[in-house]
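Colleague: Heads up: the protein sequence lines correspond to chains A and B, in order.
Mapping to the UniProt record's numbering: the first sequence position 167 is 167, numbers consecutive.
Mapping to the UniProt record's numbering: the second sequence position 254 is 254, numbers consecutive.
Worth double-checking, as some hints may not be accurate.
Which residues of chain B face chain A? A few of them, derived with a C-beta cut under 8 Å, are [said to hold, decoys possible]: (1) Asn15; (2) Ser19; (3) Pro79; (4) Arg202.
Computed footprint of chain B on chain A, listed as stretches where at least three residues anywhere in the stretch have a Cβ under 8 Å from a Cβ of chain B [unchecked claim]: (5) 211-217; (6) 231-245.
Calculated from the structure, these hints are not laboratory results.
Built from N, CA and C at the ideal position, the CB exists for glycine as well.
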Amino acid sequence: MSEQSVATAPPAGKDEHRQSPPALVRLRILMHDKPILGPLVVLVLSLVVFSLLADNFLSAGNLSLITQQVMVIGIAGLGQTIIILTAGIDLSAGAVAVFSAIVMAKAATDLGLPGPLAILVGLLCGGVCGALNGALVVRFRLPPFIATLGTLSVFYALGLYLSGGATIRGTDMPAIMTAMGKSFSLFGTNVSYGAVLLVVLVAVVSYCLLYTSWGRHVHAVGDDVQAAGLTGIRTGRVLISVYIVAGVLYGIAAWVLIGRTGAASPQSASTLNLDSITAAVIGGASLFGGRGRVLGTFVGALIVGVFRNGLALAGVQVLWQDFAVGLLIVGAVALDQWIRKGSR
Amino acid sequence: MTVDRTATPILQARNITKSYGQVQALRGVDFDILPGEIVAIIGDNGAGKSTLIKCLSGAVAPDSGELLLDGKPVTFAGPKASREQGIETVYQTLAVAPSLDIASNLFLGRERRRPGVLGSVFRMLDVKGMRKDAEKALSDLGILTVQNLGQAVETLSGGQRQAVAVARAEAFSSRVVILDEPTAALGVRESGKVLDLIRQVRDRGLPVVLISHNMPHVFELADRIHIQRLGRRAAVVTPQSHTMNEAVAIMTGAMQVDTTPSADAASLSKA
């Protein structure tokens with residue numbers, strides 16, 4: 001939040017061990033103050049490395065492909081990030097998105113609703129799913145991990161039931177429902193509408209988190225629920241609102257997913273649950289709550305996309321792509337622990 | 001700073017009782033604080049100190065008895081209600097959000113929005129204005145050694161965090177500031193700073209209720225000392241009328257005090 005210089009407040013007492021921090025400590029403080037720094041450095045480094053490894057990596061066409069590959073994960077990752085900010089986690093993110101996609105598609109094909117209305121129904125479905133998760137966490141006091149582990153199966157099963165296990169083709173739907181997969185030309189590059197939507201959403205969610213009371217309350221709840229309650233913040237309301245907003249974001253991800261894959265299928269996006277967490281964590285969001293930026297998640301999603309794409313172009317087997325992403329996650333969480341070590 | 005012993009108590013509790021199941025935490029306790037004084041509450045564990053201040057701050061509703069604010073009966077529906085009446089509490093846990101910066105913490109739970117469309121439609125916070133006011137609140141109390149208001153509270157030392165919490169209470173309080181064990185977690189030097197801070201709050205006209213286990217701190221700061229024992233007020237003494245050992249003796253029951261006359265704030269003016 002702060003654009004000011006690095007924290008070097010003179011301690012009230014003379015703590016000798018605080019006087020001249022060694023370089024490593026200064027680096028930690030810097031990364032603590034600017035959480036976006038780590039992911040950004042990793043992204044730039046990976047871009048450089050892969051452009052050296054694969055000739056066509058930096059081509060306009062390939063970069064456009066990467067953005068198309070990350071747009072669904074990126075949008076779902078935004079929802080995941082605000083939940084992680086409250087020290088929660090949402091294992092059902094992908095299941096909500098897939099269920100919403102099927103509801104959206106069914107509303108258009110079976111009910112014959114006009115496109116925009118069908119999309120709205122899909123977003124509403126995401127919001128209701130989120131509200132259910134939020135209610136389980138707030139009213140029934142379930143740990144978010146358990147609550148969403150349960151709803152993950154529930155939403156997945158509902159999606160299967162509603163679709164009858166069959167894929168609904170995008171060609172059967174109104175054009176607007178697949179529009180997010182379409183591209184327009186900008187400076188000779190193909191830019192998909194879904195990627196633009198992702199950027200817009202990053203800006204909107206960032207604004208809400210950094211410049212509204214709601215955003216500050218989300219951070220405060222993630223930091224320390226009891227403390228937040230004592231300052232008069234209605235923590236239950238904040239938590240439920242967070243899960244609802246996340247659900248709606250998964251609904252938007254569902255819309256983009258239909259465009260990207262040209263269909264609504266109960267089998268699609270099976271890795272989205274964990275991919276959204278991956279994007280948030282690599283982007284610097286702390287699973288302990290209170291720390292994280294949606295801009296970081298955006299960069300985190302790009303890092304995953306760049307790694308997968310770059311390794312594929314370099315001719316590396318898929319299993320090593322997973323291996324690399326796994327290392328990234330472990331590295332990011334270890335880094336977060338190290339950054340926090342000094343402050344608590 | 002002299003205290004007018006004949007003034008109407010700014011906050012007064014009469015015959016408050018509170019039970020948690022079988023446990024009677026408060027058995028008809030009286031309490032009063034006059035304008036411009038520091039009243040310390042001391043007592044052994046389980047004497048009902050915390051329950052008493054929770055009743056005063058609205059966090060707990062008493063079973064019976066009454067609270068008087070400026071001589072008028074009040075009931076608080078919750079911490080927010082008492083805060084609206086100008087009673088601010090600094091809890092032992094400080095109730096700060098470590099990852100937010102100092103200015104954000106000062107205004108946590110009562111953020112101000114920008115005027116006009118930005119505030120009403122886009123809900124934009126008045127970040128600059130709040131930061132400016134936070135700076136004023138901190139510098140008024142002489143604790144602007146914390147240079148950078150954009151600094152996260154988790155980067156501060158324990159004493160600095162306490163200072164932020166006290167400054168928040170001071171800035172928003174119009175009647176009484178309640179401090180629960182403000183020096184419990186602090187070192188000697190930091191404690192000293194916080195004690196100075198409490199004195200400043202009092203000297204700026206706000207009466208302070210101070211809960212503490214630390215007898216030297218209590219005797220250094222308090223104008224009067226409310227001794228809580230077994231859910232009742234055992235006595236009210238002053239640092240001049242009694243020694244630390246006597247206060248501890250009353251606290252533990254080793255020394256009996258006739259509560260009726262000395263507990264009366266007015267009679268203490270002669271002491």
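Colleague: Run through the hints listed earlier and report the numbers of any the structure violates, in increasing order.
Modeller: 1, 2 and 4
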